[in-house]
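Colleague: Residue strings, one per chain:
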Amino acid sequence: MRKPLLCLEGLTKAYPGVLANDDVSFEIGEGQVHALLGENGAGKSTLVKMIYGLVKPDKGQMTLRGQSYAPGQPSEARLKGVAMVFQHFSLFDALDVAENVALGMENPPAMRDLARRIREVSEEYGLPLDPSRLVGDLSAGERQRVEIVRCLLQDPKLLIMDEPTSVLTPQEVEVLFKTLRQLSAEGTAILYISHKLDEIRALCDEATILRGGRKVATCDPREKTARELAELMVGQVLTPPEREERPMGDVVLQVENLSLASNNPFGTSLKDISFSLRAGEVLGIAGVAGNGQDELLLMLSGELLAPSAQVQLKGQSIGHLGPNARRTLGLVAAPEERLGHAAAPDMSLTENALLSGAERKGLTRFGFIDWRATGEFARDIIARFDVRTPGPHVLARALSGGNLQKFVIGREIELNPDVIIVNQPTWGVDAAAAAFIRQALLDLANKGAAVLVISQDLDELLEVADSFAALNEGRLTPVRSAKGLSVDEIGLMMGGAHDMHPAHEGAA
Amino acid sequence: MIRLEKRKEPSKFWRIANPFLAVALTMLAGGIMFAMLGKDPLVAIRLIFFDPIFSETFGSYSRPQLLIKSAPLILIAVGLAIGFKANIWNIGAEGQYIIGALFGAGVALAFFPQPGWYIFPLMVLAGAFGGFLWAMIPAILKTRFNTNEILVSLLLVYVAEKILAAMALGLMRNPDIPGFPGSRDLRRYEAAHNAELFAGTGIHWGVVAALIAVIFAYAMMKRHMLGYHVQLAGQAPRAARFGGISPTRLVVICLGISGALAGLAGMFEVSGPGGQVRIEFASGYGFTAIIVAFLGRLNPVGIVLAGLLLGLTYIGGELSQMMLQLPSSAIQVFQGMLLFFLLALDFQTHYRLRLTRGVRT
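First to last, the protein sequences are chains A and B.
Using the UniProt record's numbering, the final residue of the first sequence is 508, and nothing's skipped along the way.
Using the UniProt record's numbering, the final residue of the second sequence is 361, and nothing's skipped along the way.
Just to be clear, a hint being listed does not mean it is correct.
[Unchecked claim] Cross-link-like lysine to aspartate or glutamate pairs, in silico, DMTMM-like; alpha carbons within 20 Å at most:
1) Lys-56/A to Asp-346/B
2) Lys-85/B to Asp-346/B
3) Lys-222/B to Glu-376/A
4) Lys-85/B to Asp-346/A
Derived from the structure by calculation, the hints contain no laboratory data.
Whole structure, please, built from the sequences with the hints as guidance.
Modeller: See below:
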């Protein structure tokens, strides 16, 4: 048994209307890699915020190396050896690596010394990083290294990492894990927050599982199957989606040699994209965020127009057509961002049902809205897709992520499309809702629709896709069958080439 | 220590209550201002808000004035509110009002002195077209070159004022009275006169147009896809694109509608209560209508009430100028205060103030 580093006893934190943490107690040993596992809303963030001094617990106490520990703010936590890498980076694009690191330190040393220290630490832990590069030019993986190196410079006893792999390719994950194992061997404890079960089983010595704000178990994740962990996390038995063997139909959607500039100055342009999609086929497109997924969806949904003949739906050139014309022809889409893109946050579900339903459901006459029919349509979606809400009058933003996603995907499926494009269909959605959504997409494919799923979740793609391709810097790999595809192969397809290997890269 | 907390949902209560509270606060602060000017605040407030309607001495003159002053405000504000809902900010209604008046008057003067039933309808079309055209300048610049419509539309007001002066002194000047600026009096040209429809009520065609505009705007915002698109674009621009709404089209429509309505208001004014193209024809309706739109919560029905209230302050302002020798700018300060208090109060629709004890939590 390791010596305990941090003990949590009975931590409780309530927000108006919700008990975020209820009497949570566990221990983290010195040098231990401890997983904190739970669905969205299980209370993981609140818990680590308390440890990092961002939130004060209502009840309970913490002891760090036997001494009472109650940080009033993050600087106090850092002083006592607790550091944290956030899921969303807090870096300035226009500053270089060393300047960014200095901004996060209490007493930064002189710039030249700092640059030297950054180089030393990054080499020591296999995280190559050039202190003089602008952060704006770095890949997501490299940005994360900046955050990690910033923490390591403070020589932490406990490193908290919030969903660190969500922006990384499989190869980058391997590099990260090597670093974390090395840290652990040197005696630094790591609190690793994630809902990716395989990662946790590969990396962690112990796991604490939260559900609905309570601790439900502490266990050794290597002794459990991923399935068992998931069921502990969700609190119910999960059934994997069913796939029927189904014949593929004719090609319904075809994109040929399409290059398209992004409408966003920080976006990724599409470069020479070609693929085709058959009726009944589920095509999965993988890739790390920011490699052109948004642009691909916009180009297919009609929000970004393309040269007419390069996008063909059932043999008809549609590149020049806007979203409503494409909907009329049978192509619908569900973008990644639920609030603000797929749905208007301050509008009711009825009004949001109208957003994409007006054409195919015939909800207007001479431009006048049939609110009664629209309300019926919203109620249909709610009933058929098990959206938990008091009724269609509720504002979209009042729904939880999973429920709103069920509504949005349900709305598009209810339109009875020939082709459906979805981006990150289960992002930030609880496991039960995610399984439901995947099943709904498969059911639609079984009925003969073509489905294109863009996702960063490889497990999800392997679960639903018949064929597979990856986006990397706006380019799409050739499509290949998903059968027998290994995670390594996928990683290579994703182009994992963002200087993966722990070697020096142009650093002087 | 005072802390601000964002509300989870905007407060419905304050949304409705704030306009009333703003009026009360304006009366209070205005009263203080009048007292500092050495006038009896109670008398001044009474003159502005009550006497125009209830006084036996002035009522018979000023009651019809109420509709005359309110109609252009309402007509312009209804159009502006549609744009404001879509986050398209036409601040230059005053300019569109002037150009609409010039187009309307131009048609009339071109036909003078011919009779003909068709002249007035032609003027109506010309007035709306003039305002529309003037609003298309910021619209096209915005959609083509991504300029800011607030700046462009506002600056075009001053261009319109110069054109107005040039017209009053040059092209449209009354040739029968040499040496005086200003056009012929359209009230004396029957075919072009926007006359009172019912004696002693102040109701002219502009009032009718305002009423129609309110009804149409209400139906459009509640029941028509265009109103839905306007709200969608204002609340969630990305969702609007997903819904197939072209931002370019929406900018043109919103600026076009508000410009055309402002142009109409100008045309009804110049052919009726205003009477002629004069240098000092523009009286700030286009700017006051911005206050009307916000005070009416961008809602057509609210705008009717707000328009009547602001119309009242115009008449009351004249009255207090006459009776108390208040400076004419005092009433503009008064209107400005109203908007100021409303915007300040609206803060609490979205936030709540929390008093906290102790240093930090």
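Colleague: If a hint holds in the structure, say so; if it does not, say that too.
Modeller: Evaluated hints:
About 32 Å separates the Cα atoms of Lys-56/A and Asp-346/B, which puts this hinted pair outside 20 Å; it is violated. Simply put, Lys-85/B and Asp-346/B have alpha-carbon atoms about 16 Å apart, close enough for the 20 Å limit, and the pair holds. Under the criterion of a C-alpha separation no larger than 20 Å, the hint pairing Lys-222/B with Glu-376/A is consistent with the structure, at around 18 Å. Restraint check: the Cα-Cα separation between Lys-85/B and Asp-346/A comes to about 13 Å, which is no more than 20 Å; the hinted pair holds.
Against the hints set out earlier in the document, a violation occurs for number 1 only.
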